[in-house]
Amino acid sequence: MSAISRSTWRQALAITGAQWRIARNRLPRANVFGLIFTGFIGLLWYGSFTVLAILAAIFLSDPQALAMASKALPAALFFAFLFWQVLPILMTSAGFSLDLKRLRAFPIPEEALFWIESLLRLSTGAEVVLVLAGASVGLWRNPLVPWWGPLWFLPYIAFNLFLAVGIRDLAARLLLRKGFREAFILLIVLCTALPSLLSSRHGASGFGRLLDVLPRGFSPWAEAGRLALGHGAVIAAVVMLLWAAAAYAFGWWQFRVSFREEEMPVETSGKRAGRRIEGFYSLIGAWLPDPIAALVEKEIRMLSRYSAFRVVFLMGFTFGILIWFPMAFGNNRHGFLAENYPSFASTYALLLLSDILFWNAFGRERGAIQNYFLAPVQAAAVLIAKNLTALFFVLLEVTAIVAVSSVFRLAGSLRLFLEAYAITIVMTLYMASLGNLTSVHFPRAVNLKKTFGNAGAGRRQFVMFGSFALVCAPLSLAFLARWALDSEAAFFAVLFLVTAAGAALYWVSLDSAATALARRAEPMITILSAREGMISS
Amino acid sequence: METSPAIVVRDLKKLYGAKPAVDGLDLTVARGSFFGFLGPNGAGKTTTIKCLIGLATPTSGAIEILGLPMPERAVEIKSRIGVVPDDTLLYDQLAGHEYLEFIGRLYGLERATAKERSRELLGLFELDTTSKKLIGEYSKGMRKRVAMAAALIHRPELFLMDEPFEGVDAVGARLMKDLLIEQVRRGATVFLTSHVLEVVERLCDRVAIIDDGKLAWNAKTADLRGASESLEDIFVRVVGAERSSEALDWL
Numbered sequence: 096m097s098a099i100s101r102s103t104w105r106q107a108l109a110i111t112g113a114q115w116r117i118a119r120n121r122l123p124r125a126n127v128f129g130l131i132f133t134g135f136i137g138l139l140w141y142g143s144f145t146v147l148a149i150l151a152a153i154f155l156s157d158p159q160a161l162a163m164a165s166k167a168l169p170a171a172l173f174f175a176f177l178f179w180q181v182l183p184i185l186m187t188s189a190g191f192s193l194d195l196k197r198l199r200a201f202p203i204p205e206e207a208l209f210w211i212e213s214l215l216r217l218s219t220g221a222e223v224v225l226v227l228a229g230a231s232v233g234l235w236r237n238p239l240v241p242w243w244g245p246l247w248f249l250p251y252i253a254f255n256l257f258l259a260v261g262i263r264d265l266a267a268r269l270l271l272r273k274g275f276r277e278a279f280i281l282l283i284v285l286c287t288a289l290p291s292l293l294s295s296r297h298g299a300s301g302f303g304r305l306l307d308v309l310p311r312g313f314s315p316w317a318e319a320g321r322l323a324l325g326h327g328a329v330i331a332a333v334v335m336l337l338w339a340a341a342a343y344a345f346g347w348w349q350f351r352v353s354f355r356e357e358e359m360p361v362e363t364s365g366k367r368a369g370r371r372i373e374g375f376y377s378l379i380g381a382w383l384p385d386p387i388a389a390l391v392e393k394e395i396r397m398l399s400r401y402s403a404f405r406v407v408f409l410m411g412f413t414f415g416i417l418i419w420f421p422m423a424f425g426n427n428r429h430g431f432l433a434e435n436y437p438s439f440a441s442t443y444a445l446l447l448l449s450d451i452l453f454w455n456a457f458g459r460e461r462g463a464i465q466n467y468f469l470a471p472v473q474a475a476a477v478l479i480a481k482n483l484t485a486l487f488f489v490l491l492e493v494t495a496i497v498a499v500s501s502v503f504r505l506a507g508s509l510r511l512f513l514e515a516y517a518i519t520i521v522m523t524l525y526m527a528s529l530g531n532l533t534s535v536h537f538p539r540a541v542n543l544k545k546t547f548g549n550a551g552a553g554r555r556q557f558v559m560f561g562s563f564a565l566v567c568a569p570l571s572l573a574f575l576a577r578w579a580l581d582s583e584a585a586f587f588a589v590l591f592l593v594t595a596a597g598a599a600l601y602w603v604s605l606d607s608a609a610t611a612l613a614r615r616a617e618p619m620i621t622i623l624s625a626r627e628g629m630i631s632s
Numbered sequence: 041m042e043t044s045p046a047i048v049v050r051d052l053k054k055l056y057g058a059k060p061a062v063d064g065l066d067l068t069v070a071r072g073s074f075f076g077f078l079g080p081n082g083a084g085k086t087t088t089i090k091c092l093i094g095l096a097t098p099t100s101g102a103i104e105i106l107g108l109p110m111p112e113r114a115v116e117i118k119s120r121i122g123v124v125p126d127d128t129l130l131y132d133q134l135a136g137h138e139y140l141e142f143i144g145r146l147y148g149l150e151r152a153t154a155k156e157r158s159r160e161l162l163g164l165f166e167l168d169t170t171s172k173k174l175i176g177e178y179s180k181g182m183r184k185r186v187a188m189a190a191a192l193i194h195r196p197e198l199f200l201m202d203e204p205f206e207g208v209d210a211v212g213a214r215l216m217k218d219l220l221i222e223q224v225r226r227g228a229t230v231f232l233t234s235h236v237l238e239v240v241e242r243l244c245d246r247v248a249i250i251d252d253g254k255l256a257w258n259a260k261t262a263d264l265r266g267a268s269e270s271l272e273d274i275f276v277r278v279v280g281a282e283r284s285s286e287a288l289d290w291l
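One line per chain: the protein sequences are E and L, in this order. Just add 95 to wherever you are in the first sequence, counting from 1, and you've got the numbering used here. Just add 40 to wherever you are in the second sequence, counting from 1, and you've got the numbering used here.
Think of the hints as simulated: they come from the structure by calculation, not from any bench. The C-beta atom is built at its ideal place from N, Cα and C for all residues, glycine as well. Don't take every hint at face value.
As the list claims (entries may be wrong) - Covered stretches of chain E (in silico footprint by chain L; criterion: 3 or more residues with CB under 8 Å from a CB of chain L, positions within the stretch not fixed):
(1) 333-344
(2) 458-470
(3) 611-625
To be verified - SDA-like mimics (lysine to any residue), calculated; alpha carbons at most 25 Å apart, straight line:
(4) L:K260 to L:E222
(5) L:K180 to L:G82
(6) L:K155 to E:E617
(7) L:K53 to E:E617
(8) L:K254 to L:L108
(9) L:K180 to E:G462
(10) L:K172 to E:N542
(11) L:K172 to E:I387
(12) L:K155 to E:N542
(13) L:K155 to E:Q473
(14) L:K155 to E:I479
Kindly generate the complete structure, drawing on both the sequences and the hints.
Okay, structure coming up:
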């Protein structure tokens, strides 16, 4: 602790102060509508967790509810743990973190940076803290719970903060390594899907069994739950503190490894520029005229070499398949989900890819966006090329889902597979229509070297599902027609109309986005060329 | 043979908020000239170049490039100019030859021609041995060389360059200078900014100095020869940059 001297605190304050000034100075240059949208989403998201916190307070303040709480609280803490630790990796969205590459140059003790980094992990678990605050209020109001009970949430929060530092650093390093990255993602996907796969085999009793199992043993959620209700003995307190100490040791170890590791270049191997996959890059370009062909080839090359994109692409079909499989085939093999399984898996994969391919298509260009304004290229050509590239990767993703589903005989027939292609193509049309406008009007600079985004994982998922609902609305009409009229012809007739409407929407939005792109050269270059501060995404 | 000047700027103003970055600039650059555009940091050089190439919209004033109004005929102008703004325009995840081919095709070259020229340019700039390396792995000097090669690939009539020799080693700088001299000899025009006054004095046939967004000095470099003042003396006198570190007694 001696390392955290007065000068260290001064340095920590200087870092947070500088970061605050960076954010403040960017504010006048930011898009007002973008700020309003972000504020609205934040209000909706944190508002819903505030409601959850109030409900937790009401529930836990009731002395009659304590018996149920002894089962429910460890389970809730376990799900909070998953939300804090696993979701950020699955969503490649792990909140804010220190830019160690820059800070390494200054005489700041590593321990001080570790403490700041630990506090920054609140950016992915603020929702959990909010709900725990509500739960604490409820427990304090409960006459059967001792005053010190809710205080045991503090070591549980510390445990999660330190563990999140370790997991984030370890994952970020592993995700930079080819081979490790793919294996790591598959492992995470399998671990996440396993409980839902098992529960699909045991039906609703799976969750009930989970409620029975979670409060037992010496897990941090079981001990924290017991202690918070005032049930724990000295041994529970010791175990909880040991968990927090172990998380601290793991987090500190991983942080030091990351801090001391040499910075790796954007990509480590020059072999990627080899001829072997040259044909892959020009797969669509060969059929198109220049400059669209040149732009599409460049996009495919860049995206294929962008580690965050490869991770999301891999997760798209693995997670897309595994997350929908138990839901589709758990109880009713002839339900709506089961009968449209390939379409659901494909649209979920499309949604995972949506931020890179649609909503912020210029973010990874950074200062190189100047090329579009310097070369004699029409803005519409640039947007069409980006949309064609998106369609290429979306179709590749659907093909992967179809291939895996066929090989493992998961589900589907030729008709279902063709339907999955048709549905995702129409969704791509709608997403490109909206995405062209958001990419031009609300661009965000993306750090190509980092796999994780800065939004909280839960909030990112919330925005993605919001956009999912918006884009699915017209498509649901086709499913509605099939259900109401019990006719495939009705389904395809409505799908055709939805496609025609989507095509009209696409041309209108393309024209609007192209005009805006040609006019917005200066603000786009300024926003996308801006460098990050000490705390980065 | 077209006779209009390569660049004509009339009463150019560019405001950022209320602050003028360029404040009523008038400038004419003749075709076939090697024009040096100097000024202290923050004087408005880069903003002027950004306005000339269409990356910034002037608040007021008129710009003509190769006899065509900017931004009304922007696409036509862009196809005839070569630009080296700064190294941020490079794509880190493309290899040198991939980037050059991409830029060539954006400028309307056939794929085969773009490939051939990118191969030759990489050879010329001594980047062919590292052609499979991604640009993200390039050194600063290599990035500048590849940016220069990209500016040459479509054989432009006018070059607009912001600090083209910055970070380039002596051999690379010499190569770039020889190339630019050769381009001027064949009738092209070069407009460049640089902080290395000796280079400007040696290469350019005309030099202008901008200070506080206004044109402060504009003359032929031939007039300097035999004169009592060097370009550096004139620069320091014009921009009034005589400061002393003695005031900082703690230093």
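Hint numbers not upheld by this structure, sorted from lowest to highest
Violated hints (numbers, rising): 1, 6, 12; every other hint is consistent with the structure.
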